[in-house]
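A.B. asks: Chain residues, written in single-letter form:
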Amino acid sequence: MAIKPRTLYEKIWDAHVVETRDDGTCLIYIDRHLVHEVTSPQAFEALRVAGRPVRRPDLTLAVPDHNLPTTPRKDAAGHRVPIADPESAQQLAALERNAPDFGIRYIDATAPEQGIVHVVGPEQGFSLPGATIVCGDSHTACHGGLGALAFGIGTSEVEHVLATQTLLLKRSKSMEVRVEGSLAPGVTPKDLILHVIGVIGTAGGTGHVIEYRGKVFEEMSIEGRLTVCNMSIEGGARAGLIAPDETTFAYLKGRPMAPKGAEWDAAVAWWKSLATDPGATFDKSVAINAATIQPTVTWGTSPEDTVAIGGVVPAPESFADPSKQRAAQASLDYMGLTAGMKMTDVEIQNVFIGSCTNSRIEDLRAAAAVIRGRTKAPNVRWAIIVPGSGLVKAQAEAEGLDKIFIAAGIEWREPGCSACLAMNPDKVPAGERCASTSNRNFVGRQGPGARTHLVSPAMAAAAAVTGRLTDVRELV
Amino acid sequence: MQPVSEISGTAYPFGRKNVDTDVIIPAHWLKTVSREGLGKGAFEAIRNEPGNLFDDPAYAGAPILIAGDNFGCGSSREHAAWALLDMGITAVIAPSFSDIFSSNAFKNGILAVVLPQEAVDRLLEVAQTQPISIDLESQTVTTPFQDRFSFEIDPFRKHCLLNGLDEVGLTLTRDAAISTYEQRARNDLPFLARGLAVAG
Ligand code: SF4
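Protein chains in written order, with the working numbering: chain G, 1 to 476; chain P, 1 to 200.
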């Protein structure tokens, strides 16, 4: 009898079922657990109170990122600079204590490998194809770019994974986002995923795991795949995946925590077997033609509020759904935009290049290619580039990218989440606009009253040098 | 966790769609190492609007929130559930919830009740003046006007909520099965099973 064709998601799921309950709920084994300082203190505290150990500290990796200031972490004498904000300092101190108390590997704020969890995991080879990966952070979907089943969890689930190395889950539905053709020059993976979210909506993937399929993804670098999968949650899906292939193996080989020797060979053989079988079916399918995708920006306060850079701010009445009309009007009021305005007429006062969506080396190279030989526009008050990790920072400096940024009047910072969610001192002032390579344009996300336009690194760089949202293709 | 069975009382007729967790509790409130006290930051931006629902004395202390589609979308922060609990909300009724929020709500004993939009619209109207009752055992939402709406809930979640069961404790009783899996994984998927060398 032929075996039923399975999707990539189903194969990873099936390989991790510890047991299945009568109602279909499964106890799923978790291979990799990333921990940061914001969503873990209450989980560790609960373990302490109950006297429970961490079951597999060796499958857990802790790194601080959300609260860290992006100013230098050591003074001239090499001493650690204390964090000024007492609450941020307290969260950091909690992780610094909890990691050794529970025997967990900890990457310190001043370590060269420190960075955003979702940049560090792939970079260290901690995140692997076919693995189940969780973190108390919704952008864990990012690691799906390596072909891992990766998703965000809440703090109670963090506690559950720490104590049992498992989660109780129901199998999600599967959704295929098929993108045919190739991206046009100047169009990046960020534009692609913004466009996809614009098409499916922020609830389009709810209850589903998305698999991104098509030639575009086969041609895409790992950096690009991580960007695409990162924003799956913005389309409502808890996880997004791209099948591992030779590009994936080449990226991972030799990374510090990746398998070595015979184990590497066994791993590659298994990873190759994970691709969705011909004839496997998805519960939902969306097809998009890559050639139609333009450099894309957001105009509103939801990631689904996207428009091509050549377009205009939409009129609320143009939406069919009355509640969407109201939401669009509220967005326009908050964003200080009027319907019909050309996106390229929107002036920008702040630029943020960073976040787990776009802070890897390829992103910085794309930004540098636009900025090289140009300077920050006079109306751009604040422009910062925050590399995703210390290793990305070092690589960029080795390539001289930092000099290009600094010469243009753009600040070059220490790694962390920074203005992506403004828990640290990097904030956009109320009423000002920011071209941001992060993933959320929610009300107040980059600071109370801040107005965010989500863009690719190249588009953010273009905005930095022209002072308005700009079609980067006019600059290259 | 406290057992949950019946929740009755005033309900905030909120109704807003796509309420993300940044709206429920903004990021600057996340710098806490405790689960308590987050009610003060709940819906902060909305509370800055004069005459807002959450500061209307008519609804003070309401245990139920009625919301629109896709409630709790966005970040995975469990602080959203803790903030609702801290302001006294133990049930949310909406046409749909984000996956992570509904899981976080459940783990904190908050009932996330999914009802069709028409039923939610009716409850939004009733809640302007009258209390609402949710009965978990019979899976129904009722009003003083004899409205009666049935809702679905995962049987396991229902069992845990009714009995106030701690999920970590429950899973720890499956230790043998987890160990068996780990043994198998060491053979079949050694590259995943091998952990990091851990500091003493
Ligand atoms: S960079 Fe932003 S989205 Fe990514 S983990 Fe940090 S806060 Fe979350």
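Source of the hints: derived by calculation from the structure; they are not laboratory data. Hints are supplied without guarantee of correctness; some may be wrong.
Covered, in the sense of this in silico footprint (three residues per stretch, anywhere, with C-beta under 8 Å from a C-beta of chain P), are these stretches of chain G [what the hints assert, rightly or not]:
1) 48-62
2) 78-90
3) 200-207
4) 213-226
5) 405-418
Here are some chain G residues pointing at chain P (derived, C-beta under 7 Å) [stated by the list, open to error]:
6) VAL18
7) THR110
8) PRO256
9) LYS260
10) GLY261
11) PRO322
Stretch-level coverage of chain P by chain G, calculated; a stretch enters the list once three of its residues show a Cβ under 8 Å from a Cβ in chain G [claimed, not checked]:
12) 31-37
13) 53-61
14) 95-104
15) 114-127
16) 141-150
What you are looking at is a predicted structure, and each value in this text was computed from that prediction instead of being measured. Each residue gets a CB set at the ideal place from its N, CA and C atoms; glycine is no exception.
A.B. asks: Hint by hint, note whether the structure agrees.
C.D. replies: Taking the hints in turn, this is what the structure says about them:
no.: 1; hint: 48-62; result: holds (count 8)
no.: 2; hint: 78-90; result: holds (count 4)
no.: 3; hint: 200-207; result: holds (count 4)
no.: 4; hint: 213-226; result: violated (count 0)
no.: 5; hint: 405-418; result: violated (count 0)
no.: 6; hint: VAL18; result: holds (4 Å)
no.: 7; hint: THR110; result: violated (16 Å)
no.: 8; hint: PRO256; result: violated (10 Å)
no.: 9; hint: LYS260; result: violated (9 Å)
no.: 10; hint: GLY261; result: violated (10 Å)
no.: 11; hint: PRO322; result: violated (10 Å)
no.: 12; hint: 31-37; result: holds (count 5)
no.: 13; hint: 53-61; result: violated (count 0)
no.: 14; hint: 95-104; result: holds (count 6)
no.: 15; hint: 114-127; result: violated (count 0)
no.: 16; hint: 141-150; result: violated (count 0)
Of the numbered hints stated above, those contradicted by the structure are hints 4, 5, 7, 8, 9, 10, 11, 13, 15, 16, listed in ascending order.
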